[in-house]
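> What follows is the residue order along each chain.
There are 2 protein chains.
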Amino acid sequence: MKIETGSITAPQGFAAAGVACGLKKNNNRDLALIVSEVPATAVGVFTRNVVKGHSLQRTMETIRSGLASAVVINSGNANACVGQAGYQDAETMAARVAAELGCPVEQVMTGSTGVIGKRLDMEAVHRGIVEAAANLASSEAAGNQAEQAIMTTDLVPKECVVRIELDGYPVVVAGMAKGSGMIHPNMATMIGIITTDCAVDHDVLQAMLKQTTGQTFNRVSVDGDTSVCDMVVALANGRSGAAKITDQNSVAGQVLQEAITMVSTYLSRLIAQDGEGATKLIEVQCQGAATADDAYQIVLAVGKSPLVKTAIFGEDANWGRILTAAGYSGAHFDPDLCDIYLGDLKVCENGTALLFDEAVAKQILQQKEVLIRIQLREGHAFDRLWTCDFSYDYVKINGSYRT
Amino acid sequence: MKIETGSITAPQGFAAAGVACGLKKNNNRDLALIVSEVPATAVGVFTRNVVKGHSLQRTMETIRSGLASAVVINSGNANACVGQAGYQDAETMAARVAAELGCPVEQVMTGSTGVIGKRLDMEAVHRGIVEAAANLASSEAAGNQAEQAIMTTDLVPKECVVRIELDGYPVVVAGMAKGSGMIHPNMATMIGIITTDCAVDHDVLQAMLKQTTGQTFNRVSVDGDTSVCDMVVALANGRSGAAKITDQNSVAGQVLQEAITMVSTYLSRLIAQDGEGATKLIEVQCQGAATADDAYQIVLAVGKSPLVKTAIFGEDANWGRILTAAGYSGAHFDPDLCDIYLGDLKVCENGTALLFDEAVAKQILQQKEVLIRIQLREGHAFDRLWTCDFSYDYVKINGSYRT
Chain A
1 MKIETGSITA
11 PQGFAAAGVA
21 CGLKKNNNRD
31 LALIVSEVPA
41 TAVGVFTRNV
51 VKGHSLQRTM
61 ETIRSGLASA
71 VVINSGNANA
81 CVGQAGYQDA
91 ETMAARVAAE
101 LGCPVEQVMT
111 GSTGVIGKRL
121 DMEAVHRGIV
131 EAAANLASSE
141 AAGNQAEQAI
151 MTTDLVPKEC
161 VVRIELDGYP
171 VVVAGMAKGS
181 GMIHPNMATM
191 IGIITTDCAV
201 DHDVLQAMLK
211 QTTGQTFNRV
221 SVDGDTSVCD
231 MVVALANGRS
241 GAAKITDQNS
251 VAGQVLQEAI
261 TMVSTYLSRL
271 IAQDGEGATK
281 LIEVQCQGAA
291 TADDAYQIVL
301 AVGKSPLVKT
311 AIFGEDANWG
321 RILTAAGYSG
331 AHFDPDLCDI
341 YLGDLKVCEN
351 GTALLFDEAV
361 AKQILQQKEV
371 LIRIQLREGH
381 AFDRLWTCDF
391 SYDYVKINGS
401 YRT
Chain B
404 MKIETGSITA
414 PQGFAAAGVA
424 CGLKKNNNRD
434 LALIVSEVPA
444 TAVGVFTRNV
454 VKGHSLQRTM
464 ETIRSGLASA
474 VVINSGNANA
484 CVGQAGYQDA
494 ETMAARVAAE
504 LGCPVEQVMT
514 GSTGVIGKRL
524 DMEAVHRGIV
534 EAAANLASSE
544 AAGNQAEQAI
554 MTTDLVPKEC
564 VVRIELDGYP
574 VVVAGMAKGS
584 GMIHPNMATM
594 IGIITTDCAV
604 DHDVLQAMLK
614 QTTGQTFNRV
624 SVDGDTSVCD
634 MVVALANGRS
644 GAAKITDQNS
654 VAGQVLQEAI
664 TMVSTYLSRL
674 IAQDGEGATK
684 LIEVQCQGAA
694 TADDAYQIVL
704 AVGKSPLVKT
714 AIFGEDANWG
724 RILTAAGYSG
734 AHFDPDLCDI
744 YLGDLKVCEN
754 GTALLFDEAV
764 AKQILQQKEV
774 LIRIQLREGH
784 AFDRLWTCDF
794 SYDYVKINGS
804 YRT
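Order-wise, the sequence lines are chains A and B. Counting in the numbering used here, the first sequence runs from 1 upward without gaps. Counting in the numbering used here, the second sequence runs from 404 upward without gaps.
This is chain A alone, in the form it adopts within the complex (with noise of 0.2 Å):
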């Protein structure tokens, strides 16, 4: 089981476009459309935001009936906080896909990303819609132009491919995602999309996807703000001719779960990767924990410390920061049995620094890739969490985001 290149087309049954209707000032693509042949199994996780989109909000009602055949999203613009408006334009933007499509309204997801507080230019839309949906392809440039057009300060569009075989049968998973700022667990102005050709039941798909959001898109953090607009699908549709998976623990369901766990790590490490701003991607992992929530909250207080991420992008071994924020993290933890690496060079002994080569840091600061490891000796409980460096681009971009 390998990451391949691909987009959410390579399952059998998808098809996608991705178009420029004019939400985006730069004429870049802003309206995606992913639509499965047949109604898929559909399962989404959400963001944990009180304040909440009012296409997101549209789509966790509709999605309770499990099914989907289409899901459009739009740039430019988060659809947020514009009020009982903003729940029309939504609804309006599904029916006019399932006009489209001919299929029930109730079948159509909907997303939003961008500026929050502006009402969706619902002209721009229509024009967005119809040719999309005139657009409609199966190829993997198609699903390229839907990650595209569900981008907003992301840099590189996100997309990742896993075969796997159950039952003798092929069967595709497929992943899309946008950053890249106001990211962060619980969860971030991110969208997820993730499509297979397999068969699942209802409950055991949301029972995955909820699982390994845990462990991936929930364990990046670009600036610790958390959008209104977030939101991870997955569409199962059934193509493959596999048979269908009722059981999470069955040997086809753990197969499914890992294809899904690793489309889902790849694209949260993009997400990290590609973070505003970003120089380095940074691993924070948290080893030897006395409980899993310690070492959660460590990797989260060290992977939003803006205090780490600039001493990181300043290749400088300020390690001190790195203890200082497991310490203000909230976990319980004795820093006199506390060792910090950076890399594979340790710089931090029982709580007390060490003394380390500092070129050997240099060099290991200096590679695109940072790990940073805090070894607690307190238990058996580990974490993770990616994240980036925080570089002048980062305040230059959100210094002028809406102009």
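It is possible that part of the hints are untrue.
To be verified - Below are the EDC-like pairs computed for lysine to aspartate or glutamate, each with C-alpha atoms no more than 20 Å apart in a straight line: (1) K118/A with D524/B; (2) K428/B with D316/A; (3) K427/B with D524/B; (4) K25/A with D719/B; (5) K118/A with D719/B; (6) K118/A with D760/B; (7) K118/A with E718/B; (8) K25/A with D739/B; (9) K396/A with D719/B; (10) K799/B with D316/A; (11) K427/B with D316/A; (12) K521/B with E378/A; (13) K521/B with D383/A; (14) K118/A with D796/B; (15) K765/B with D742/B; (16) K396/A with D650/B.
Source of the hints: derived by calculation from the structure; they are not laboratory data.
Given the coordinates of chain A, work out where chain B should sit on it, guided by the hints.
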């Protein structure tokens, strides 16, 4: 009662000195000594970080005696995470001061601020203590030098004085503090010292300092990081002649409490204003919360959001980020009841965008002080926090702090 200029030597019976002994690379002042001519009632509040600096830990111990004659603080080195030697160095530092002043070693409080994980250069410290003791003076200039000697990345020294009258005696409350990065409630790379010539019962002074700190020093956030060296100590030496305050709720007690709060508020605002790379002071207020904790969670989340802070830096009225941060703060509220103001300009009503004049918003955001006000209409709880914007310079300062 009003804020005046003046240093911590303004109350009777206090002297100070600030010298350069070589701990800072730039030959700036780096060792401060503050002395009371009689043992003063001494109380303190300290970082809640699990990891604590050695000089600070020593003070947490010695302050239990309730009396102090001197405070010695070095900058340029945090004396943290260097193992058992760090405790010995702090004790040696105190012993040297005690020898110079002829006071018991347990009446000398120690503090250190700067880089973590490096042994203190004790030869430099000794030199500095001898020089500081020889230069002790009650002049305002001597107090200024002590303020300079505790600065790290601070751009301006921080001091103020409030004069009150108790029993017909003039009484002075003075304060000094340093920021300016790793600043966050509970507490920060912050050191604050309050001196007064009032006589106060130990437990009353402790209660006053705790109450004040909760509303002031613990309501400042620069970057969400809390350090291992934070402390605020108060010394009351009784030299004014006014009767000893033994009840916090007496008239005299309330006057003193107000003076201490006024000094602490002023210093807290200065710390936020002088935050690393800051171009603006931001005050975040939450009104109408159901509970005090909800109000606190909201000002905390909004005040530490890098997205809010970069938007204010860019003078962009991107209030969606304020509502978003409130939404993920953990506070309970109905977003559909929430109003948001920038200064006096209402930009969001009932969770919905208002059409506001961008030129007016720009004018408000161009000021050196920006007030963000969130009205929840859920109850009557209020909280407030000071922070600063997030600029290129924050990244620059923290990308190469050790070099």
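> Hints the structure violates: just list their numbers, smallest first.
1, 8, 12, 13, 14 and 16
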